[in-house]
Amino acid sequence: MRNSIRRKMREAFRLNKNELIEICKSNGKQISIAFVFSSNEVKSFNLIQLATQNILKEISNKIQGSNK
1 MRNSIRRKMR EAFRLNKNEL IEICKSNGKQ ISIAFVFSSN EVKSFNLIQL
51 ATQNILKEIS NKIQGSNK
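Under the numbering used here, the residue at position 6 of the sequence shown is numbered 6, and the numbers go up by one with no gaps.
Note that these hints are calculated values from the structure, not bench results.
Be aware that a few hints might be false.
[Said to hold, decoys possible] Derived DEER-like restraints, expressed as beta-carbon distance ranges: (1) I21 x A51: 10 to 20 Å; (2) N40 x Q64: 27 to 37 Å; (3) N3 x N61: 26 to 36 Å; (4) E19 x N46: 17 to 27 Å; (5) N40 x S66: 31 to 41 Å; (6) M1 x S26: 36 to 46 Å; (7) V42 x L15: 15 to 25 Å; (8) G65 x M1: 20 to 30 Å; (9) N54 x S4: 34 to 44 Å; (10) I59 x E11: 10 to 20 Å.
For glycine and all other residues, C-beta sits at the position ideal for the given N, C-alpha and C.
Whole structure, please, built from the sequences with the hints as guidance.
Below you can see the structure in the form of structure tokens.
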């Protein structure tokens, strides 16, 4: 179960990281990200991907907002 969740989270990040990387580069920022899965239920890939997209969008917005 743990490896399945880890693979899903890693794949969701891999598919959605490019926009965040570009925003960091254009704003001269570097960040480190750690994801912690804290549920006893195994979630679907689509749900994990949606949550990852929302988190990365929020981080991107904060990076862009910090340069104004």
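Results of checking the hints against the structure:
1. For the pair I21 and A51, the beta carbons lie near 19 Å from each other, so the given range of 10 to 20 Å is met.
2. Between N40 and Q64 the beta carbons are some 35 Å apart, a value that agrees with the proposed interval 27 to 37 Å.
3. Range check, N3 to N61: Cβ separation about 32 Å, and the 26 to 36 Å hint holds.
4. Take E19 and N46: their Cβ atoms lie about 19 Å apart, and the range 17 to 27 Å holds.
5. Checked against the hint of 31 to 41 Å, the C-beta distance between N40 and S66 comes to roughly 36 Å, which is consistent with it.
6. The hint said 36 to 46 Å for the Cβ distance between M1 and S26, and at roughly 39 Å that hint holds.
7. Separated by about 19 Å at the C-beta atoms, V42 and L15 satisfy the suggested range of 15 to 25 Å.
8. At about 37 Å, the beta-carbon gap between G65 and M1 misses the expected band of 20 to 30 Å.
9. Restraint check, N54 to S4: a C-beta distance of roughly 21 Å breaks the suggested window 34 to 44 Å.
10. For I59 and E11, the hinted distance range of 10 to 20 Å is satisfied, since their beta carbons lie about 18 Å from each other.
Violated hints for the displayed structure, listed by number in ascending order: 8, 9.
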